[in-house]
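So the sequences go chain by chain: A and B.
According to UniProt numbering, the first sequence is numbered sequentially starting from 1.
According to UniProt numbering, the second sequence is numbered sequentially starting from 1.
Quick caveat, the hints were computed from the structure, so don't treat them as lab data.
Since the model is a prediction, treat every value here as computed from it, not as a measurement.
There may be inaccurate statements among the hints.
[Claimed, not checked] One-sided excerpt, in silico: chain B residues whose CB lies under 10 Å from chain A:
# : residue
1 : 176
2 : 239
3 : 240
4 : 241
[Unchecked claim] Counterexamples of contact, computed for chain A against chain B with all Cβ distances above 10 Å:
# : residue
5 : 72
6 : 115
7 : 246
8 : 311
9 : 322
Positions of the beta carbon are idealized from the N, C-alpha and C atoms, including for glycine.
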Amino acid sequence: MNRNLILFFASILIMSILVGCTDKELKVPLEDVGMVGIMAFDYIDENSFKLTVSIPQFSPEAKERAQIFSVTTDLISKGIVEIETLSDKKVVLNQLRVVLINEEFARKGNIQKAIHHLYRNADVGNKVLLAIVKENGEEMLKAEYPDKPNVNIYLNDLLQPSINTAFNPNTNIHDYMYTETNPVFDTIVPLLEKKEGKIEMDGIALFKEKHMLKELPEEEALIIQALLGRKKLAPLYLELNQAEQKEELMMDLINSKVSIKGNKNMESPKVSISLHIEGTLVEYRGGREKELVNIKGITKLEHDINKQIEKDIKEFLEKLSELKVDPIGLSENFRMYYKGKWNNKLKEEVISNLQVDVQVDTSIISTGTLK
Amino acid sequence: MSTNNRKILNGYHVIFLTQSTMIGTGILSLPQRLSSLGYSQAFVPLLFGVIASISLLPMIWISSQYKNDNLFTINEKLLGKPFGKSVNLFIVVHFTLFLAGIISNYMHLIQTTALSEQSSTIPVFFLLLLLIYIVSGGIKSIARFCTITFFLTIPMLYFLRWAIEKGELSHLLPLFNFNGSQFLDALKKGYISVLGYELIMFYFPYIINQKKALKHSLIGLWISIILCFITTLVSVIYYSEWQLKNIEYSVLHLFKAGEFTFIERIDIIGITFWIFLILSSAATYLWSAKKGIDSLRAKKKNYHTYLITLAIFLFVVIPYSREYQDKLFKLSYQISYIMLAWPLLLAVVHSLKKKQVKQ
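Looking at chain B on its own, in the form it has when it is part of the complex (with noise of 0.2 Å):
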């Protein structure tokens, strides 16, 4: 394949590639999981979004020292062939148990509000289908599907009126109510909220225009970091800090506070709505998955789709226990921390081997 039509992503699909998969069910819980911060976790999403532009920095830095080539195939040629393989096959299955992580929450969710009375066997089966269905089209239809999904999915900032309307601004105050403890538990909790901007390393040789990756990717990583911002602030307005440290959901709840005339459960709409951003973020995940498996066979073929898809499925729906599965994706959400820091080591060996070349 030529390189020149591998090229396919514009700037407005990085933006919305990088803002979309961000957004998924972190969101929902993110204030409960900040909650150690009590009222002052308002405005810490806005330094998650700091620690975030940083950390993308080395991400692009490595990315554009290999103009056309993906973080499988980076490891390979900068750690060698064995080595470099099986740190793949390890991101490949930690991207499956992170996938298996983001739909199973999704499902619990909507099997506690909106379909209390079924097994949630069959939709998490027709939502994999529309997973598959997304990837297959490649890395463009995912990033138009991301665009879509933010144009549908941001009138529901709408929904939060009610409760801004009710809140107190007073909450707001003191500032900075918390000791360095707490606060190094909420971001060990609540960073996981704000993940996925770091897959850009893989759609990475997609991007026409590579010298602006950087910007498009901090206008879509800030995008996120606001509706971030605006959920933990209407949340701390709205909240007692009981509830805050309680509500699992607390988005749900913030959806539960408004009512129209002719729609009396804005929640569970807003619920059901949410697959746009599930679809959106389990997407981009699932195709650099795949991805992996094409460059560890070094071979392409669509059913290594099918095959992790496969894999999610029986993670999902498997009656093991609930307390191995949340283990499972609990080392899944901690492994995404050492993805953060990969590109820095890679760095560090890729100017080791420039000096090694250049004596």
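One chain only, chain A, in its complex shape (with noise of 0.2 Å):
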């Protein structure tokens, strides 16, 4: 018991005469770490970007709502510690949200090794959003919102999937690698240009292999969900020039299927696709405003919207069979019925020898309460 007791006060004193022997701890409190909202990489040269950071800046006292810093690096963890030299906070990347690049970056600069490299941080998410800047994401973020809080929380909401951006494939990290690494696919990317006051979305960019080739408007970006299976799409904005007059509608698009199937057949591929849609009728103007109270009127209209959409599918299917390029991942019909390994090549053959059969089924469910 005594023996007991000594050791137990012995071992107190050494335990707190061990307490001179730890270093100084170096921890960072919550308030000094400055975390990375949005990351802007805009095109120098070959070997040298420019790297562009946002942190939010939370001190009321600051006059900016948001900490901008530009580096000249070759490498983004290089950067990063310049960065930290400028910044008064522990630079960190746990927060990130966006990822911004510039067209010319994109079409010239090394953007896989990039982005493999936030891919393979263990900090950063793999939520992520990317995004292509029209000229130059340094200015993006540099300019003035004023009706928003702050440029970080703007890109990021901006970038959310929503209903009317439908088109928007929100290519987040994984999906940029896993469209990057995988053969029966490209990669496509939500394309923004600043305009005064405000950031627009402006239809999607186009890579092929590891660069970006080219844009491709809403329209074309939005067959492209329709076609990928996006259940919820964006209004459907419709001209249909089949008649003697010019007519436009817009629909709000309630369901979609789509059903896309190979024939298996390497030499001469061909898929059959099947698309189905619904929705309401929300405007009309043309010359048949007044057949469209009875349902043989509608039933005219929904034949004219099919071949009006299947026209338009079959015309973007062929220029996607010009520049051999398959943001949708229709050779995936091809190689799964393929023995060996798939690659690029294969892809590029399937594709630019491709037939298509479209089939489209137009549902207009209501035109509204008014007869």
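With the hints in hand, could you dock these two chains into one complex?
This is the structure:
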């Protein structure tokens, strides 16, 4: 008993003396951590780029709501270290939400390596959204958006999935890596453009292998999303030119369903696509306004819409076939039955020889409550 | 000690001991190990299950011939004292290395994801303390720990939801798109992930209903196999082939796919929760190794556990080159395969001896 008591006090004594041996810890309190919300890459030349980060500013005394730092660098982490010398805070990437890449970097630079770096980094989540910026990413971050709380929140909210921008592929880091490394896909990334006091989402950027190939308008991007099987699509605007007179209409899409079947034949590849869409006719302008009150008139309109969409899809797929790119993953229908290793060359072969058979089936569920 | 109160493991204990020992760090990187098969790897775990079930048979058979002896004693009885003891020593060293491999692998993962700004010495120390605590309660307390581990960690399957939502089922086709050498490569690298069931040769004497031991351990084995199958299946539908090959801890990235409104980084939670699985499988190995030293010295002493733990700690913490460390761990993985074939050899010796006695 006595011995135990002595042991007990001795150990307490030793422990209290040992405290002196600890290093002074360099733990950074939360207020001193600068959490990068947006990162932007701008092309300078083959080996270097301009790295801009935006860190939300929480101090009420600061005039600006976001701290923006820019450095020229050739490695991302080297750039971050350099930014740390400019910043009053410890810069971390844990809260990264958006990565902007300017168009020139996407066309010429090593975007693949930059994204690989972020994908490898355990601090960065996989849900970081990507976007291509026309012109300059640094300018977009530094611009004034007087009616927005700050650029971090604004850009993140803009790129989030929303029904009115359903053409937006919402590419995040995982999606980029998945489509980039998967030989049946070509990557698509939303495209942003800076306007006076706001940012506009202006179509999508289509990649071929490692680099950006061209931009696609919203309507074509919407076709991609429809064929990828997205259920909720953006309101659809259509122009019908079949009758003598020009007609315009707007449909809210409630549901869409797509099924794609390949013929399993690599020599003369053919896919049949059937798309079923349900929607409400919201607005119509044209010659048959009076016919639309009865079912017969609507059925006829549905028929015309089918034809128009079929034509649009066919034209778009022909364009893809000429470019030899496959953002929809149509070649997956052939890979599924191909023995051996699939590669980009096989995809290009399939896509460039691809014949398409499109069937669209539209049903207008309602036209509103007025007769 | 009378033989009666040694029998302490009931059927559920056997099921969960087998099940939890199999799931450790192996399953985290299983899709990567099988990646030479590409997309066709999805159904391979089921095949592993068949192989495992078959290799379980001789283990149970030889154990049931010596109802009150574990493998260490059987070795001595069948192979003679000197040779048996040296084999036992070999097994103990192998287990120690294997344990060090498991723990260093997990700590490496924790270091890169959750504790990236800290050296891992102190976490390893505490992990080993916990391990000693669990093991010092005996095989029954380990079995109970395994049971609770199963029920605590099985909800993590829910975290796979987002990956399943995003995945493409078409990746499963074509079904058998590989050749023989790719398959052998995957078998060699991947089978290590389902090891752990062979430890039944060590806790068999403690099982109450030894006649049903085969059935119970098969149930446990197939629970684990199905978990492995789910992992590879979800990985295949979610990843591209490049990702399968290059993502080391694919389960981690599967967890990364999801997000709650109130939790952002589910992967960190999942990976830190994984410690239960590590502890449960490491505890059974440590207990078996301790039994090994007991039989070597023909004494039962608690400090045998501490000795092994100390060795593991040194293996994990001492900063000798990682290359050398990896080589050692790889060697111990390969020895595990010998462990699978070992009961067959014993069975042959056993029947030869029987014949001799008859003559």
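Verification of the supplied hints:
Evaluation of the residue 176 of chain B hint against chain A yields a held restraint, the C-beta minimum of about 9 Å falling below 10 Å. At a threshold of 10 Å, the smallest CB-CB gap from residue 239 of chain B to chain A is about 7 Å, leaving the interface hint in force. Hint on residue 240 of chain B holds. Least Cβ distance to chain A is approximately 4 Å, under the 10 Å limit. A hinted interface residue such as residue 241 of chain B counts as satisfied when its beta carbon comes closer than 10 Å to some beta carbon of chain A; here the least separation is about 7 Å, so the hint holds.
With a least CB separation of 27 Å from chain B, residue 72 of chain A remains clear of the 10 Å interface cut-off, as annotated. The claim that residue 115 of chain A is not at the interface with chain B holds, since no C-beta of that chain comes within 10 Å of its own (minimum 13 Å). The Cβ of residue 246 of chain A lies farther than 10 Å from every Cβ of chain B, with a closest approach of about 41 Å, so its non-interface assignment holds. Remark: the non-interface label on residue 311 of chain A is consistent with the geometry, its nearest Cβ contact in chain B lying 28 Å away (cut-off 10 Å).
For residue 322 of chain A, the non-interface assignment is confirmed: its Cβ lies about 26 Å from the closest Cβ of chain B, beyond the 10 Å cut-off.
Going through the hint list in order, the structure satisfies each hint without exception.
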